[in-house]
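There are 2 protein chains.
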Amino acid sequence: MGLIVQKFGGSSVADAGMMKNVGRRIIDEVESGNRVVVVVSAMGRTTDNLVKLVGEITERPEPRELDMLLSTGEQVSIAALAMVLHAMGHKAISMTGPQVGMLTDSAHNKARIRDINSGKIHQLLDHGYVVVVAGFQGSNIDGQITTLGRGGSDTTAVALAAALKADRCDIYTDVEGVFTTDPRVVRSARKLDTITYDEMLELASLGAKVLHSRSVELASNFNVPLQVLSSFTGTSGTHVVKEYGNMEDIVVSGVAFNRGEAKISILGVPDHPGMASMLFAALGGAGISVDMIIQNVGSGGRNDITFTVLEEDFVPAKELAESWVAENGCSLVETDDNIGKVSIVGVGMISHTGVASTMFNALAKEKINIQMISTSEIKISVIIPRDDIDRAVQSIHREFKLGDDPA
Amino acid sequence: MGLIVQKFGGSSVADAGMMKNVGRRIIDEVESGNRVVVVVSAMGRTTDNLVKLVGEITERPEPRELDMLLSTGEQVSIAALAMVLHAMGHKAISMTGPQVGMLTDSAHNKARIRDINSGKIHQLLDHGYVVVVAGFQGSNIDGQITTLGRGGSDTTAVALAAALKADRCDIYTDVEGVFTTDPRVVRSARKLDTITYDEMLELASLGAKVLHSRSVELASNFNVPLQVLSSFTGTSGTHVVKEYGNMEDIVVSGVAFNRGEAKISILGVPDHPGMASMLFAALGGAGISVDMIIQNVGSGGRNDITFTVLEEDFVPAKELAESWVAENGCSLVETDDNIGKVSIVGVGMISHTGVASTMFNALAKEKINIQMISTSEIKISVIIPRDDIDRAVQSIHREFKLGDDPA
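Chains as they are written, first to last, in this note's numbering: chain A, 15 to 421; chain B, 15 to 421.
Hints listed in this document are in silico derivations from the structure and should not be mistaken for laboratory results. Treat the hints with care, as some may be off.
[Unchecked claim] With a straight-line Cα cutoff of 30 angstroms, these simulated DSBU-like cross-link-like pairs (lysine-lysine) come out:
no.: 1; chain 1: B; residue 1: Lys34; chain 2: A; residue 2: Lys134
no.: 2; chain 1: B; residue 1: Lys205; chain 2: B; residue 2: Lys179
no.: 3; chain 1: B; residue 1: Lys105; chain 2: B; residue 2: Lys205
no.: 4; chain 1: B; residue 1: Lys34; chain 2: A; residue 2: Lys66
no.: 5; chain 1: B; residue 1: Lys256; chain 2: A; residue 2: Lys124
no.: 6; chain 1: A; residue 1: Lys66; chain 2: A; residue 2: Lys134
no.: 7; chain 1: A; residue 1: Lys105; chain 2: A; residue 2: Lys223
no.: 8; chain 1: B; residue 1: Lys66; chain 2: A; residue 2: Lys66
no.: 9; chain 1: B; residue 1: Lys124; chain 2: A; residue 2: Lys105
no.: 10; chain 1: B; residue 1: Lys134; chain 2: A; residue 2: Lys34
no.: 11; chain 1: A; residue 1: Lys105; chain 2: A; residue 2: Lys66
no.: 12; chain 1: A; residue 1: Lys124; chain 2: B; residue 2: Lys105
no.: 13; chain 1: A; residue 1: Lys381; chain 2: A; residue 2: Lys415
no.: 14; chain 1: B; residue 1: Lys105; chain 2: A; residue 2: Lys34
no.: 15; chain 1: A; residue 1: Lys134; chain 2: B; residue 2: Lys179
no.: 16; chain 1: B; residue 1: Lys179; chain 2: B; residue 2: Lys66
no.: 17; chain 1: B; residue 1: Lys66; chain 2: A; residue 2: Lys105
no.: 18; chain 1: B; residue 1: Lys134; chain 2: A; residue 2: Lys124
[To be verified] Label-pair ranges, simulated between beta-carbon atoms:
no.: 19; chain 1: B; residue 1: Arg164; chain 2: A; residue 2: Asn63; range: 18 to 28 angstroms
no.: 20; chain 1: B; residue 1: Gly31; chain 2: A; residue 2: Arg126; range: 33 to 43 angstroms
no.: 21; chain 1: B; residue 1: Glu70; chain 2: A; residue 2: Asp207; range: 29 to 39 angstroms
no.: 22; chain 1: A; residue 1: Glu333; chain 2: B; residue 2: Asp29; range: 29 to 39 angstroms
no.: 23; chain 1: A; residue 1: Pro330; chain 2: B; residue 2: Gly31; range: 51 to 61 angstroms
The beta carbon of each residue, even a glycine, is placed where N, CA and C say it ideally should be.
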């Protein structure tokens, strides 16, 4: 008899009918002889509606009150799902984050989990209950309700699985698993049976919407066996594991991309120590997350610094760069908000040569100009014009023979 | 400097705009130098929507899970209202029932308040906060979320006012106060400046929708000065007090009515001791609340028993009566679900004679046939055909000169 943590996202529980579908997935697991803890997100557009209400009230909601408000979304879901399970003839009990002893720090809207009272859940499991826990929320030492921020419900599920020493943490979503790339761009994209934490981390942070990087990090730290699978199809998904059994065979696991990037170049930066540090500290202070950075030594003791940001941060980043240029005697700012990023990810890269050249060759065949390159041990990313992304992904996917197609 | 508890119902906080209106009422009180605790219900149709969701899942929701679900409605309101007050530049903090130490028994869906941790609220008030408390909810000794059932938010407000020894408990609603009768039936109906707890209790239980009898009872027990007033007009409302200064002058305070009654007569009940008790125990056991009861000694050692129930209980009450008649050798059941009740209420009745005959005279003038009569120290109720209710109320209101009109 195993212990399984199942997590269902908002799109899997958007209405009563879908909740019943989720109920069947849970009961399948129970009837296989497992003890089950379920983590659930807010139903469908609930959180959006709450955020809309906030927008009608104030531009700057108090973080504590925002958590008080948003945490209701998951509370509705757990109660409804427990009712669904009752109606299907099974013992189930809903628990809010505070009730389940999900202790967090006091950083409202982006709290981090400190501890979980796993004894309480074990006790309920011992009494034969399916325990339905609200994702995304907890409480601090003073009993204030907190929320975990983006990717919160995945993080709740993985943290529970770690604390309960679960045999598996199944993340149900609206896709069938992790694919070699987006099937909407490459028809022959193939679902991966297995992927490593490290690869998943790169994919998550690169814009594959399947799992939030925070939860993958946590799973990796506590070695929680994850599975990403569809709540609709019932087929097995992608297992996220520490390492492949047959690591040597797999060079590149997938091709990720992000259409929404923008590039800012600052030309003629005086070559004093600490100039770059000042610039990026200012951007960080404004809450702007910088992705790639390239610095070229220029002529006459001056440098050019180029960096990329997410498209939504482009306008504030550009304004900040322009005023920084004026204050620090640089020449000018050049921008391009019509770019995107394509990356290949694979743990096998470490031990294989020629991976980068294969990727660049795929791009050259399509006459796509590479603007920036960044690499890590298991990833190579390039910045290219946004309009070329689809062709780039298709060509790379083909070149590495990632697809189902024999060609 | 006083301490005021203000309660706002769901129709007063139906959207962000109305919340801002409520915010101004609160700030008016703060700026008058008072410390303010606010109790708020779920926004507009929130609770209805949650109940609808339940209906899509199950006919018999687990009471614990229903409380888990419904309590989210008030939690949304308190967070939103605290945000409104912040946005208006005032210190405010939202508190759920469990957070504020609203300890109840474990009767889910109809919990009763055991204790309130008033120290916590006093502490927040001392720090200059407007404390916004979720109505309708609390938690039991095990930390399970409970709800108080019908009239719950009014009850929360009065209980808080009692625990905090507040100077006044203002119940804001969508009417201007308590009227001599429904202004939709009698145009000249007059808003009462003052009414006693006892009168209000009779009016509340008779279908005047202003205040739930449970909260009036609590206010009466703890002598909490209540005011019922409109959240829209800003004018002063009706004060509910222990007794009138000038009690002698007021004979009848108001005319209440309820269109939705039904009558069941059981004929030929064997004249054995305990027969009536058995019948009403069976009705009570089925959750059917019986209003008036009349028993006539009939001929041949048999009795006729007639009783009234609310219209919504008519079908189950009739079925129960029919099977009871079959089991107990009675003759037959006669029913009439086309009746209603009209009542006059006034503490002055105790010391005035001729009140009943004035009422009956008003009905006789309109040729309205009285089917049943029931009296208490401060109330006379009659059952009449439903179609005659408007004319009855108008005639009685006129006869007792309750209106604004000089006639």
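For each hint, the structure was consulted:
1. Lys34/B x Lys134/A: violated, 41 angstroms
2. Lys205/B x Lys179/B: With a Cα-Cα distance of about 28 angstroms, the restraint between Lys205/B and Lys179/B holds, given a limit of 30 angstroms.
3. Lys105/B x Lys205/B: violated, 35 angstroms
4. Lys34/B x Lys66/A: At roughly 16 angstroms apart (the allowed maximum being 30 angstroms), Lys66/A and Lys34/B satisfy the hint.
5. Lys256/B x Lys124/A: Distance of about 51 angstroms is beyond 30 angstroms: violated.
6. Lys66/A x Lys134/A: violated, 35 angstroms
7. Lys105/A x Lys223/A: Cα-Cα ~33 angstroms, so violated.
8. Lys66/B x Lys66/A: Satisfied, since the Cα-Cα distance of roughly 22 angstroms is no more than 30 angstroms.
9. Lys124/B x Lys105/A: holds, 23 angstroms
10. Lys134/B x Lys34/A: violated, 41 angstroms
11. Lys105/A x Lys66/A: It is violated: about 36 angstroms lies between the C-alpha atoms, which goes past 30 angstroms.
12. Lys124/A x Lys105/B: holds, 23 angstroms
13. Lys381/A x Lys415/A: Status holds; Cα separation ~20 angstroms.
14. Lys105/B x Lys34/A: violated, 43 angstroms
15. Lys134/A x Lys179/B: violated, 38 angstroms
16. Lys179/B x Lys66/B: Roughly 38 angstroms between the alpha carbons, so the hint for Lys179/B and Lys66/B is violated.
17. Lys66/B x Lys105/A: It holds: about 23 angstroms lies between the C-alpha atoms, which stays within 30 angstroms.
18. Lys134/B x Lys124/A: holds, 26 angstroms
19. Arg164/B x Asn63/A: 18 to 28 angstroms: Since Arg164/B and Asn63/A have Cβ atoms about 27 angstroms apart, the given range 18 to 28 angstroms holds.
20. Gly31/B x Arg126/A: 33 to 43 angstroms: holds, 37 angstroms
21. Glu70/B x Asp207/A: 29 to 39 angstroms: holds, 37 angstroms
22. Glu333/A x Asp29/B: 29 to 39 angstroms: Taking Cβ atoms as reference, Glu333/A and Asp29/B lie about 35 angstroms apart, which means the hint holds.
23. Pro330/A x Gly31/B: 51 to 61 angstroms: violated, 31 angstroms
Checked against the numbered hints listed earlier, the structure breaks hints 1, 3, 5, 6, 7, 10, 11, 14, 15, 16 and 23; every other hint is satisfied.
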